[in-house]
Amino acid sequence: MSKNFTFAKKLNMPQKEELKRISTQVRRDIVRMVNGAKSGHPGGSLGCADFLTALYFEVMNHDPESFNMDGKDEDIFFLSNGHISPVLYSVLARVGYFDIKELATFRKLHTRLQGHPSIAERIPGVRVASGSLGQGLSVANGAAITKKLNNDSSLVYILMGDGEIEEGQIWEAAMFAAAKNVDNLIAVVDYNGKQIDGPVDEVLPLGNLKAKWEAFDWITLEMNGHDFDSILETLAKAEELSGNGKPIVILMKTEMGQGVDYMMGTHKWHGNAPNDEQTEDALSQLEETLGDY
Amino acid sequence: MKEFTIYNYKDTRSGFGEGLLELGRKNPEVVALCADLTGSLKMDAFAAEFPERFIQVGIAEANMIGIAAGLTVGGKIPFTGTFANFSTGRVYDQIRQSVAYSEKNVKICASHAGVTLGEDGATHQILEDIGLMKMLPNITVINPCDFNQTKAATLAIAEHDGPVYLRFGRPKVPTFIPEDQEFIIGKALMLNEGTDVTIIATGHLVWESLEAAKELESKGISTEVINIHTIKPLDTEAILKSVAKTKCVVTAEEHMRHGGLGDSIAQLLAHKLPTPMEMIAVDDRFGQSGTPAELMTEYGLDAANIVKAVEKVIGRK
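Protein sequence lines, in the order shown, are assigned to chains S and L.
For the first sequence, our numbering begins at 5 and goes up steadily by one.
For the second sequence, our numbering begins at 13 and goes up steadily by one.
Just chain S, same shape as in the assembly:
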């Protein structure tokens, strides 16, 4: 299987515009799903819409048509902060893992789109349950080692929240990855500075996060999670740096609630659903680019 995208070519405007169109529709999906379920986590989902759109539509080499658990010779992605499931489900559906109509079942009884990602219902695109925080980096380490044992040169991506890394297991996994040269692993921290109880700086300040990852011997990159140039260039750089003995982490600056004005600049929309009126307001700010589900 060959890469369906090469970073050697400079991004051109239409490509970036297309990604923007997709992520705008993804944001509409997120708002509508959370409103439809009357529960869920819109804030972080909106914040990661651009990154996941770029990752699935441009960066990863993967096969939505024939999903299988093993993911051999494909790049694979793990969502560790499982509460932002709406953005994952929307991107998976929009990129072809399952019918977008299924997004309407989010959080409903017997759905495959559980509140937090699960494999029990066999939803294509999900390889491990997540939601109880702090576990994804360990899982990603394991999957990356299996790729090495299988002589599979593709990459493992994992996204975690900045609040999530207050969990100690993350740092066990961080120490492990560097010690064992897990260099086919690209971790991304959603550095939005907010968690349920308030700003991360008030709940449990992370201090100098870049210095912490560097001290754990990770190659540490930074990117703007709302600028497709920054996202694609940084991911290209990360891919280039892979295979050199060190794991790679990207500190991704985002805005919780990005794209919906009243959800931005606050932690209030971490885990609350907008009512119908608020949903109307949000959707008026997000153009229907690809057709609603």
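Bear in mind the hints are in silico, worked out from the structure with no lab data behind them.
Keep in mind that the hints are not guaranteed to be accurate.
What the hints assert, rightly or not - What follows is a list of derived Cβ distance ranges for each label pair:
#, chain 1, residue 1, chain 2, residue 2, range
1, S, K214, L, G312, 52 to 62 Å
2, S, S157, L, A60, 24 to 34 Å
3, S, R25, L, K199, 51 to 61 Å
4, L, H172, S, S157, 25 to 35 Å
5, S, Q19, L, G87, 30 to 40 Å
6, L, R297, S, G202, 42 to 52 Å
7, S, S136, L, I71, 18 to 28 Å
8, L, K38, S, N72, 24 to 34 Å
9, L, K320, S, N72, 55 to 65 Å
10, L, H172, S, K24, 41 to 51 Å
11, L, G87, S, D103, 25 to 35 Å
12, S, E22, L, D48, 19 to 29 Å
13, L, D295, S, K42, 44 to 54 Å
14, S, E69, L, I196, 32 to 42 Å
Claimed, not checked - Residues on chain S that point at chain L, a partial pick, calculated with CB under 7 Å:
#, residue
15, A133
16, A147
17, T150
18, K152
19, N155
20, E176
Beta carbons are placed, not taken as given, at the ideal position from N, Cα and C, and that holds for glycine.
Based on the hints, put chain L in the right spot on chain S.
Leaving out everything else, chain L in the frame of chain S:
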């Protein structure tokens, strides 16, 4: 009473170590992980022969369970090794979410279970692990009784697709199960047929039950002894068949009464065949320092107490 030959005295953890080494030789997908207890878990031989398939994770059990879950993505069959306490209680949520709920083909192999860990005391002597593991959907729970059975179980679980908890121990105990005895997950092993009482035992208490049966037979009590090595799924058919015949039952295990094998059998009988029952198990207390033999006596986990329980339960028929 059927005669049992004691082939040798060995620790069940060594049965695991030998089984793992054999698996390494015959199944290239098998990988092993250990959290800084390679010698205690008898994983050294595997680590020496298959260094590329052995992952030393250091003292980080939560990470180990997560890594094991990830290793299955791409087809590996990971065997994790640490003490039973650190294999279950310490990592319950990791097992729950990343292994059991995620249906990952991880084999959680746990040594030093129960009070027979000995002098280290209660911090290390978990008596709740069977209960913790059997409550999780999707997990198979196995507690073999001697070296040969532990080795056979280790080989068998590699062939089973799904998460498994395999529990074994530290002390040298009689090896009496024949080397060629087939190990079938979920199938009870009839050790001695009898008509007056059924003793259902698991782990180290199986040998004690056979000792008890010998004494009971000399007193004229015909004693059926069943070895349940697979606590989940439980061989309900074998248990109900035996209990229907003997009409009373004693269970025996090196585990807390709450959540153990006896608890599973009590539920089964309460639903299907209410029967007088006594349980040999630890009664809602922590362990403590002492030699394994002293602790088995202190906690009533021996043949003498099984005999007393049988006499009591027969009186309740």
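Exercise. Are L/K38 and S/N72 spaced within 24 to 34 Å by their CB atoms?
Worked result: holds (25 Å)
Using the beta carbons of S/E22 and L/D48, state whether their distance is inside 19 to 29 Å or not. violated (50 Å)
Check your understanding: Is 25 to 35 Å right for how far apart the beta carbons of L/H172 and S/S157 are?
Key -> Cβ of L/H172 to Cβ of S/S157: about 31 Å, so the range 25 to 35 Å holds.
Note whether the CB distance of L/R297 and S/G202 lies within 42 to 52 Å or breaks it. holds (43 Å)
**Prompt:** At the C-beta level, are L/H172 and S/K24 separated by a distance inside 41 to 51 Å?
**Reply:** Holds - the Cβ-Cβ distance for L/H172 and S/K24, about 49 Å, lies within 41 to 51 Å.
Cβ-Cβ distance between L/D295 and S/K42: within 44 to 54 Å?
Because 48 Å falls inside the window, the suggested range holds.
Margin query: The hint names S/E176 as touching chain L; please verify it with the least Cβ-Cβ distance against 7 Å.
Written below: S/E176 check passes; min Cβ-Cβ to chain L is 4 Å, inside 7 Å.
Less than 7 Å between beta-carbons is the criterion; does S/T150 satisfy it with respect to chain L?
holds (4 Å)
Check your understanding: S/S157 and L/A60, beta-carbon distance inside 24 to 34 Å?
Key -> holds (29 Å)
- When the nearest CB of chain L is found for S/A147, is that gap smaller than 7 Å? The hint holds - S/A147 has a Cβ within 7 Å of chain L, the shortest such distance being about 4 Å.
Practice task
Take the C-beta atom of S/S136 and the C-beta atom of L/I71, compute their distance, and say whether it sits inside 18 to 28 Å.
Solution key: holds (21 Å)
- Evaluation of the interface hint that places S/N155 against chain L, nearest CB under 7 Å: At about 11 Å, which exceeds the 7 Å cut-off, the nearest Cβ of chain L leaves the hint on S/N155 violated.
Checked against the numbered hints given earlier, the structure breaks hints 12, 18 and 19 and satisfies all the rest.
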